[in-house]
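Could you put together the complete structure from these sequences and hints?
Number of protein chains: 2
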Amino acid sequence: MSESKSLSIDSFMQQFQLRIEQVLHQHLHALPADAEKLRTAMQYACLQGGKRVRPVLVYAAAKALAGNMDNADVPACAVELIHCYSLVHDDLPAMDDDDLRRGKPTTHIAFDEATAILAGDALQAMALRLLSDPNFKIAAEARLQMVHHLAGAAGYEGMVSGQSIDFNAVGNTLSVAQLEKMHSLKTGALINASVLLGALSSERASTQQLDALQRYGECIGLAFQVQDDILDVTSDTATLGKTQGADQALNKPTYVSLLGLVGAQNKADSLCAQAIEAIADFDENADALRAIARFIIARNN
Amino acid sequence: MSESKSLSIDSFMQQFQLRIEQVLHQHLHALPADAEKLRTAMQYACLQGGKRVRPVLVYAAAKALAGNMDNADVPACAVELIHCYSLVHDDLPAMDDDDLRRGKPTTHIAFDEATAILAGDALQAMALRLLSDPNFKIAAEARLQMVHHLAGAAGYEGMVSGQSIDFNAVGNTLSVAQLEKMHSLKTGALINASVLLGALSSERASTQQLDALQRYGECIGLAFQVQDDILDVTSDTATLGKTQGADQALNKPTYVSLLGLVGAQNKADSLCAQAIEAIADFDENADALRAIARFIIARNN
Chain A
7 MSESKSLSID
17 SFMQQFQLRI
27 EQVLHQHLHA
37 LPADAEKLRT
47 AMQYACLQGG
57 KRVRPVLVYA
67 AAKALAGNMD
77 NADVPACAVE
87 LIHCYSLVHD
97 DLPAMDDDDL
107 RRGKPTTHIA
117 FDEATAILAG
127 DALQAMALRL
137 LSDPNFKIAA
147 EARLQMVHHL
157 AGAAGYEGMV
167 SGQSIDFNAV
177 GNTLSVAQLE
187 KMHSLKTGAL
197 INASVLLGAL
207 SSERASTQQL
217 DALQRYGECI
227 GLAFQVQDDI
237 LDVTSDTATL
247 GKTQGADQAL
257 NKPTYVSLLG
267 LVGAQNKADS
277 LCAQAIEAIA
287 DFDENADALR
297 AIARFIIARN
307 N
Chain B
7 MSESKSLSID
17 SFMQQFQLRI
27 EQVLHQHLHA
37 LPADAEKLRT
47 AMQYACLQGG
57 KRVRPVLVYA
67 AAKALAGNMD
77 NADVPACAVE
87 LIHCYSLVHD
97 DLPAMDDDDL
107 RRGKPTTHIA
117 FDEATAILAG
127 DALQAMALRL
137 LSDPNFKIAA
147 EARLQMVHHL
157 AGAAGYEGMV
167 SGQSIDFNAV
177 GNTLSVAQLE
187 KMHSLKTGAL
197 INASVLLGAL
207 SSERASTQQL
217 DALQRYGECI
227 GLAFQVQDDI
237 LDVTSDTATL
247 GKTQGADQAL
257 NKPTYVSLLG
267 LVGAQNKADS
277 LCAQAIEAIA
287 DFDENADALR
297 AIARFIIARN
307 N
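In order, the protein sequences belong to chains A and B.
Just so you know, this note's numbering puts 22 at position 16 of the first sequence, and the rest follows in order with no gaps.
Just so you know, this note's numbering puts 284 at position 278 of the second sequence, and the rest follows in order with no gaps.
Please keep in mind that the hints were generated in silico from the structure rather than gathered at the bench.
Treat each hint with caution, since some may be false.
The list cannot tell twin chains apart, which means a pair is met if one copy fits it or any two copies do.
Claimed, not checked - In silico DSS-like links for lysine-lysine, alpha-carbon gap of 25 Å or less:
#, residue 1, residue 2
1, K187, K43
2, K258, K43
3, K258, K110
4, K57, K69
5, K258, K187
6, K143, K69
Model, not experiment: these values are computed from the prediction.
This is the structure we're talking about:
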């Protein structure tokens, strides 16, 4: 990757990280004041910054198909709301019982447990409501497909099942295939949905292109998780913004525990290459997607 | 109400209670086996019977517009999945901390707290996914409107805010207006959405008819809550299927505590009459809706 390309992905990410902050802020501050504490908790859960990988992927996939970026704002916001809701519920005492997230108190610590449960619930509804909002002016069929993909990725067909399998696997040994299945549900499905929603927002994706983007999404989804497992053992708490070694401490099966550190790093490299290969037929508009694949395995938090 | 009409509403309710059991069973058993414990918990949370007031309202509203009952199955299922998810989360230790629901252990007691949180999360996603499923063959615009109404009723614009206000009101005094606002969000929004989704499933509702049905829905939504408050003090635990006097014990503001028992009963009667008045222009196809309004304030559990 030349220096100019490396600079341009940094600037792409910064540009769309800034944009999604504004879009999230706008929608979360447009909620009526009916339940002030709940609204504040929803804002707290979503407006703490972060890498915003999923919305950036929505924009990058829209760009790969030369789509109108304005039409990517709602799906970008929706995937991040789902991601933030999942973090709030994952951190609950009955789940991972985490007090720290991105270096700040988790939502149930900053507010209370009931409010955290409800804020997560409301964020999920909000994400799917935004996609069906009459003000989101793209074809009804495309918006319905987005609802269907996102509700699938968020629910039983994706994230929630992955979380349930993960939770019940603590202290058990999983095979690499079982670990892969769990992560493809827990993390992969939403990352994949981000790519698909971005592509759908362009209203010009062919079935062939959607298939290629799906393969891309599956590879980077897994790569993302492998890198997370690597960072859990190689990074420190300050850089990570969450408790380092948390998975190890919980005796959770990880790619590092199954493949060793070098094996896990090789796997991440290979998945990144496969992701880039999957979109080989796309033109330079897909360079942001290519760069994100590289970023995912190079990030340190 | 003549005896024959009284019999016919009983038979309408029984017919569609049976039908919704089958529809719920079919969809909940069609889930893949990826996360067996989670799937079992979702089934447990939804297949314990119950009055099924919301899905019966979907069918009755569809019938009021002479709609095809087959097109009402998916929205009927969706509103009940949302209702069941809300019960699972409301019963959690951090919320109402209830061990008993419809005379059986609540989901977090029968399984565990993490599984109950996740089952609720997955049921919400499932409801909205069903409405956007390509196999649900009505116009895309109508399905999108259903997603929008249901996500609104379930989320911050409805149920979740109501629950948050209710939770934070424990031990406080609310005015009748504040209590009404809270219940219109907590219970009313989903009941209203049930009526609207049923009407939309007919694909033949005029704006005027939707407005009338909305007024009907608002009145029976409130009437339902007033009757719940009455039953909390007049019924016994066995008939109620949940702990009698639970609201009183929690020092929650209720219509009975604010208006007295007779005042609350008068309010329920008046709301029932207003609901029936709102749909005065509908023909005999709306008799089921009229009968449901009467049933809501006559039920004993």
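Evaluation of the provided hints:
{"no.": "1", "hint": "K187 <-> K43", "verdict": "between (38 Å within a copy, 16 Å between copies)"}
{"no.": "2", "hint": "K258 <-> K43", "verdict": "between (34 Å within a copy, 18 Å between copies)"}
{"no.": "3", "hint": "K258 <-> K110", "verdict": "within (24 Å within a copy, 33 Å between copies)"}
{"no.": "4", "hint": "K57 <-> K69", "verdict": "within (19 Å within a copy, 50 Å between copies)"}
{"no.": "5", "hint": "K258 <-> K187", "verdict": "within (15 Å within a copy, 45 Å between copies)"}
{"no.": "6", "hint": "K143 <-> K69", "verdict": "within (18 Å within a copy, 32 Å between copies)"}
Hint compliance for this structure: no hint is broken.
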